[in-house]
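There are 2 protein chains.
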Amino acid sequence: MRLRRDRRAPEYLENDERVILNPQDFKGNWKENFGNDHPIHVEFGCGKGGFITELAIRNPNINYIAAERAETVVYKACKKANDKEDIPDNLRFLYFDVNNCKDIFEKGEVERIYLNFSDPWPKKRHAYKRLTNRGFLEKYEYILAEKGEIHFKTDNKGLFAYSIEEFSAMKWVMKNVTLDLHNSDMEDNIMTEYEKKFSEMGYTINRLEAYK
Amino acid sequence: MRLRRDRRAPEYLENDERVILNPQDFKGNWKENFGNDHPIHVEFGCGKGGFITELAIRNPNINYIAAERAETVVYKACKKANDKEDIPDNLRFLYFDVNNCKDIFEKGEVERIYLNFSDPWPKKRHAYKRLTNRGFLEKYEYILAEKGEIHFKTDNKGLFAYSIEEFSAMKWVMKNVTLDLHNSDMEDNIMTEYEKKFSEMGYTINRLEAYK
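Here the protein sequences line up with chains X and F, keeping their order. Residues 5 to 216 in my numbering are what the first sequence lists, from first letter to last. Residues 5 to 216 in my numbering are what the second sequence lists, from first letter to last.
Check before you lean on any hint, since a few could be wrong.
Identical copies carry no separate label here, and so any pair may be met within one copy or between two of them.
Result set (SDA-like, lysine to any residue): computed pairs, CA atoms no more than 25 Å apart in a straight line [to be verified]:
| hint | residue 1 | residue 2 |
| --- | --- | --- |
| 1 | Lys133 | Arg62 |
| 2 | Lys216 | Glu21 |
| 3 | Lys111 | Tyr215 |
| 4 | Lys127 | Glu191 |
| 5 | Lys179 | Arg129 |
Simulated from the structure, these hints should not be mistaken for lab results. None of these values were measured; they are calculated from a predicted model.
With the rest of the complex left out, here is chain X (with noise of 0.2 Å):
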């Protein structure tokens, strides 16, 4: 997502307890940063933010970190997410690039990454920017704990077809693959705000869930 820059936002940022500005001194210790031992779920590229913020508010037994890699847009979902008021304290929203996840995320500490409406990169030669991209899912696996999942849905037919593709070429196993989520048999899908407009537009979602 694109946003123009805000000039609000390094101030709130700094000044949000939600937003951690120095993630790379939490790595293997979130857990004291969230001050418990519940399961850290990440969201890579969480655009606006309405998903893992309904997550956080229906599973106050989960820590969620939500990422994106631009500071307008953390601020956005951020600020989206103090406006509720329901709103439990385990979720963090940082900024980063994927790429650096492991400098992040300690070996096995995170239980679940959500990958939701990833770019596409439609361009062959940027297909290493994918983030379900064969260097990605190394970085994942590294910092996923043993039965740690990703959970992926994308209505980008093109994007899903490749990421099929890598997955399977790493060995990675999928399950609860549906070429049509909206009318599959999952009940508890959370819709992100790109998914309720591009659904309404009539484009079918797909979803997996993968593990090693």
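Given chain X's structure and the hints, the job is docking chain F onto it.
Frame of chain X; chain F shown alone:
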């Protein structure tokens, strides 16, 4: 494909050289049946036979075996193939239950298996009948040569999603995956009769190749 039984079928099938009534007698000896050393490609569920007949015409250096369970379907497909003027002697028709494929082919005897628009058997209790069920995949693995491949296409989203799960669980590698075959890079796609009809109705076609 269900067809009314055709009374002419038995006599035709008995007298046509393309039809092999005793396929189990050729187990391990298909190359002798064809009289050459060319690779053997099989279609399980050939329906009206247009796909494999066109392949046989295009690729005289490959031996093709088309299988269907129902006598009448084989009869129609075979008759249609014989009506073509330019068809070489590299195509055989059999009727047998794919469950019994290990009675027909020796270990490693087949280079490629085509599964086109297989019955989706949408009810969960019928999942074991789907031709990409893991029970079938184990049999395919047995009859396929090293580096042998399954080429699978379907318009049915549920069957495609299920098949990805099954291939993945059984550690097959999937490649050339597409969720929209007719808008993909694949240039030499041969459409089946079913595919022509349903893609004209607006259904997108899913396709993948898998190997162990």
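Hints versus structure:
1. Lys133 - Arg62: For Lys133 and Arg62, neither the intra-copy (32 Å) nor the inter-copy (39 Å) Cα distance is at most 25 Å.
2. Lys216 - Glu21: neither (34 Å within a copy, 50 Å between copies)
3. Lys111 - Tyr215: Intra 15 Å, inter 32 Å, cutoff 25 Å: intra-copy only.
4. Lys127 - Glu191: So Lys127 and Glu191 pass the 25 Å test across copies only (19 Å; inside, 34 Å).
5. Lys179 - Arg129: Between copies, since 18 Å is at most 25 Å while 29 Å is not.
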